[in-house]
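A.B. asks: Those protein sequence lines, which keep their order, are chains C and S.
Residue numbering for the first sequence follows full-length UniProt numbering, starting at 1 and increasing by one per position.
Residue numbering for the second sequence follows full-length UniProt numbering, starting at 1 and increasing by one per position.
It is possible that part of the hints are untrue.
In silico lysine-lysine, BS3-like type, Cα no more than 30 Å apart, as pairs [said to hold, decoys possible]:
#1 S:K49 <-> C:K153
#2 S:K172 <-> S:K183
#3 C:K364 <-> S:K218
#4 C:K364 <-> S:K163
#5 S:K163 <-> C:K385
#6 S:K10 <-> S:K31
#7 S:K106 <-> S:K184
#8 S:K35 <-> S:K45
#9 S:K172 <-> S:K184
#10 S:K218 <-> C:K438
#11 S:K10 <-> C:K364
#12 S:K46 <-> S:K20
#13 S:K125 <-> S:K149
#14 C:K440 <-> S:K218
#15 C:K461 <-> S:K218
#16 S:K9 <-> S:K29
#17 S:K9 <-> C:K385
#18 S:K123 <-> S:K146
#19 C:K385 <-> S:K218
Worth flagging that the hints you see were computed from the coordinates, not collected in a lab.
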Amino acid sequence: EMDGAGGNGSSGSVMCQLVSAEGEQLGAALYLPHNVGPPQLQDIVNQLLHNEDKLPYAFYVGDEELSLQLGAFMQRNNATAEVTLRIVYQPQAVFRIRPVNRCSATIAGHTEAVLAVSFSPDGRCLASGSGDTTVRFWDLSTQTPLYTCKGHKNWVLCIAWSPDGKHLVSGSKSGELILWDPKTGNQLGAPLTGHRKWITAVSWEPVHLQSPSRRFVSASKDGDARIWDITTKKCVISLSGHTNAVTCVKWGGDGLIYTGSEDCLIKVWETTQGKLVKTLQGHGHWVNSLALSTEYVLRTGAYDHTGKTFSSPEEMKEAALARYEKMRGNAPERLVSGSDDFTMFLWEPTISKQPKARMTGHQKVVNHVYFSPDGQWLASASFDKSVKLWNGITGKFVAAFRGHVADVYQISWSADSRLLLSGSKDSTLKVWDIRARKLKQDLPGHADEVYAVDWSPDGEKVVSGGKDRVLKLWMN
Amino acid sequence: MDYEERKRKKEARAVKKNSKDARKLLGAKGKRFAKKRYAEKAQMKKTLKMHDESSSRQKVDDDVEEGAIPSYLLDRDPTQRAKVLSNTIKQKRKEKAGKWDVPLPKVRPVAEEEMFKVLRTGKRKTKQWKRMVTKATFVGPGFTRKPPKYERFIRPTGLRFTKAHVTHPELKCTFNLDIISVKKNPNGPMYTSLGVMTRGTIIEVNVSELGLVTPAGKVVWGKYAQVTNNPENDGCINAVLLV
Numbered sequence: 001e002m003d004g005a006g007g008n009g010s011s012g013s014v015m016c017q018l019v020s021a022e023g024e025q026l027g028a029a030l031y032l033p034h035n036v037g038p039p040q041l042q043d044i045v046n047q048l049l050h051n052e053d054k055l056p057y058a059f060y061v062g063d064e065e066l067s068l069q070l071g072a073f074m075q076r077n078n079a080t081a082e083v084t085l086r087i088v089y090q091p092q093a094v095f096r097i098r099p100v101n102r103c104s105a106t107i108a109g110h111t112e113a114v115l116a117v118s119f120s121p122d123g124r125c126l127a128s129g130s131g132d133t134t135v136r137f138w139d140l141s142t143q144t145p146l147y148t149c150k151g152h153k154n155w156v157l158c159i160a161w162s163p164d165g166k167h168l169v170s171g172s173k174s175g176e177l178i179l180w181d182p183k184t185g186n187q188l189g190a191p192l193t194g195h196r197k198w199i200t201a202v203s204w205e206p207v208h209l210q211s212p213s214r215r216f217v218s219a220s221k222d223g224d225a226r227i228w229d230i231t232t233k234k235c236v237i238s239l240s241g242h243t244n245a246v247t248c249v250k251w252g253g254d255g256l257i258y259t260g261s262e263d264c265l266i267k268v269w270e271t272t273q274g275k276l277v278k279t280l281q282g283h284g285h286w287v288n289s290l291a292l293s294t295e296y297v298l299r300t301g302a303y304d305h306t307g308k309t310f311s312s313p314e315e316m317k318e319a320a321l322a323r324y325e326k327m328r329g330n331a332p333e334r335l336v337s338g339s340d341d342f343t344m345f346l347w348e349p350t351i352s353k354q355p356k357a358r359m360t361g362h363q364k365v366v367n368h369v370y371f372s373p374d375g376q377w378l379a380s381a382s383f384d385k386s387v388k389l390w391n392g393i394t395g396k397f398v399a400a401f402r403g404h405v406a407d408v409y410q411i412s413w414s415a416d417s418r419l420l421l422s423g424s425k426d427s428t429l430k431v432w433d434i435r436a437r438k439l440k441q442d443l444p445g446h447a448d449e450v451y452a453v454d455w456s457p458d459g460e461k462v463v464s465g466g467k468d469r470v471l472k473l474w475m476n
Numbered sequence: 001m002d003y004e005e006r007k008r009k010k011e012a013r014a015v016k017k018n019s020k021d022a023r024k025l026l027g028a029k030g031k032r033f034a035k036k037r038y039a040e041k042a043q044m045k046k047t048l049k050m051h052d053e054s055s056s057r058q059k060v061d062d063d064v065e066e067g068a069i070p071s072y073l074l075d076r077d078p079t080q081r082a083k084v085l086s087n088t089i090k091q092k093r094k095e096k097a098g099k100w101d102v103p104l105p106k107v108r109p110v111a112e113e114e115m116f117k118v119l120r121t122g123k124r125k126t127k128q129w130k131r132m133v134t135k136a137t138f139v140g141p142g143f144t145r146k147p148p149k150y151e152r153f154i155r156p157t158g159l160r161f162t163k164a165h166v167t168h169p170e171l172k173c174t175f176n177l178d179i180i181s182v183k184k185n186p187n188g189p190m191y192t193s194l195g196v197m198t199r200g201t202i203i204e205v206n207v208s209e210l211g212l213v214t215p216a217g218k219v220v221w222g223k224y225a226q227v228t229n230n231p232e233n234d235g236c237i238n239a240v241l242l243v
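So here's chain C without its partners, still in its complex pose (with noise of 0.2 Å):
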């Protein structure tokens, strides 16, 4: 029976329309009573999607989160009972990350700043390049020094993990990437030369495309991305067209290269000939980060928090496939750009090339813009102290976290996507809570700036470095 408006009677009832993050109705329009909350509507929705396991979601009205009994939050917003209440659902991850508070292990061995930190795909390894030309693998359980990698002539600026786990590539300030073994802390094979100047990002094709992995474009500052064949050692194709330097590149999982410049232009490049497909133009300033909304995905490849191993390439890329189809859903592939104009656009770039949404606010240039693993937020880093998260569907500013008192360089996401971590200028890393959108815990201990930062696949530890040379393992 349907009651007044603001209905403070609990036997009163509202009409509910639950909808899914993408727009699509789910059932018809229900009856609700006044006293159902997140629990039974979890139940509701379970049953309407035939799911097996009981699988978590968040729901929203407008852009408030339900986490009430409908009639409390009816009262408090003093909807009116007359209209048919839309309720967003959005499917939660079904592990909980436990938010890392302490400093587990500082581990020195680079004499020069740590400038990247990267864990292995299936986070059982960790690697880190510095500026005193060595690649150092570590080893997580005793939190030592594994293997120390030389070969560069200088500074190695960026390290990327394959997606199977079985490779890294470094790229280094003299312009050549070296490839290495993981097992052995060996180089495989002599430095991939080609580049004129320094690699500023690198970027493996996803498994799900090729397994076991071969191909990776290198983005530099001499304005090209190379694509180039770990098995036969040489560059397959040069990606040239940008006039300044290519500043981040990102192979994306529909088998399109994104590459953003200096020269402000975002270009996307099909793989088989290195043809130019699209330019994105709309910035103003310098494009410095790029994000796709499936780039976790593409990065941990076929491994998830399962920690299931797989025995041959063609069941990781069977399993990759899956998790990749699942993670798109229906929607095209989505791409942000942080700009040193202050502003990110979000594209669709298989669509059209007009942005889908302009996102202003930031004070200062925008460092780091980063996609949750889930797709649903998007968080983005500035010079002007503070980290801003985004509705990663439709680019709607939701919500800013200050905390830091310096710039803030790079953020990294918890494989929940309930946790966000920043690494700053300050020295301090902190812990974003996203639904409270609070600061859940802050990180102190470095004695200089944070480079680096990244949050283990399987959400145990945080590897943080810098510029005072150590290595910081942070876990709960």
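Starting from the known structure of chain C, fit chain S onto it as the hints suggest.
C.D. replies: Relative to the frame of chain C, chain S by itself:
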């Protein structure tokens, strides 16, 4: 003899003539000659070096520079990159000991006659117990004067300052920071309590705009600085930050 023959012999003798001139020439001529010869020698050295280089092929190595920065910072200007200044514990210890490792350890002492100006008051202008401070002072935001009839030390508003130009000794850049308090005036505790700032005074300034963080993660907002000029002469306070 032929012209060629004569020329060849003259050139052969030129070496001897040159060395004789170098030894014997004096005065202005000698100076001119020495200058010319030096320039020639330098040029010859350069050409020889050039020839040497081309004969042995060397790979040009870029040197590995210090101060490695990640790729996203490479094209940016590093002028505002401060190191983390820290250590409240050290500061506390210094405070306790009362000893400071300061840039200006010895300062010229200021006499009381110079510091204060005697004011004559009263109906017949015979009372001389009031003093007016002639140096720059700091009074603090909540300051209220004592009742004027009983005020012994007058601090004129024209000589009151709230901000100081503080220079960071390592970064070599100057910030305009608010003064929080006057910590110690080397001329005596009376001047410290009055808030008088002369050359060599230690003041506490608000450094929150510098964005400094202690190793424990706390934000540093107050630091000590030492005054380096004579504010009463310049009209501004210049100080150097004590790190």
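A.B. asks: If a hint holds in the structure, say so; if it doesn't, say that too.
C.D. replies: Checked hints:
1. S:K49 <-> C:K153: holds (27 Å)
2. S:K172 <-> S:K183: holds (24 Å)
3. C:K364 <-> S:K218: OK: K364 (chain C) and K218 (chain S) at ~24 Å, within 30 Å.
4. C:K364 <-> S:K163: Cα-Cα ~27 Å, so holds.
5. S:K163 <-> C:K385: Cα-Cα ~25 Å, so holds.
6. S:K10 <-> S:K31: Given pair K10 (chain S), K31 (chain S) holds - Cα atoms ~24 Å apart, limit 30 Å.
7. S:K106 <-> S:K184: holds (14 Å)
8. S:K35 <-> S:K45: At roughly 16 Å apart (the allowed maximum being 30 Å), K45 (chain S) and K35 (chain S) satisfy the hint.
9. S:K172 <-> S:K184: holds (24 Å)
10. S:K218 <-> C:K438: This hinted pair holds, its Cα atoms lying about 18 Å apart.
11. S:K10 <-> C:K364: violated (75 Å)
12. S:K46 <-> S:K20: Distance of about 25 Å is within 30 Å: holds.
13. S:K125 <-> S:K149: holds (14 Å)
14. C:K440 <-> S:K218: The hint holds at about 16 Å.
15. C:K461 <-> S:K218: holds (24 Å)
16. S:K9 <-> S:K29: holds (26 Å)
17. S:K9 <-> C:K385: violated (80 Å)
18. S:K123 <-> S:K146: holds (21 Å)
19. C:K385 <-> S:K218: holds (16 Å)
Checked against the numbered hints given earlier, this structure breaks hints 11 and 17; the rest are met.
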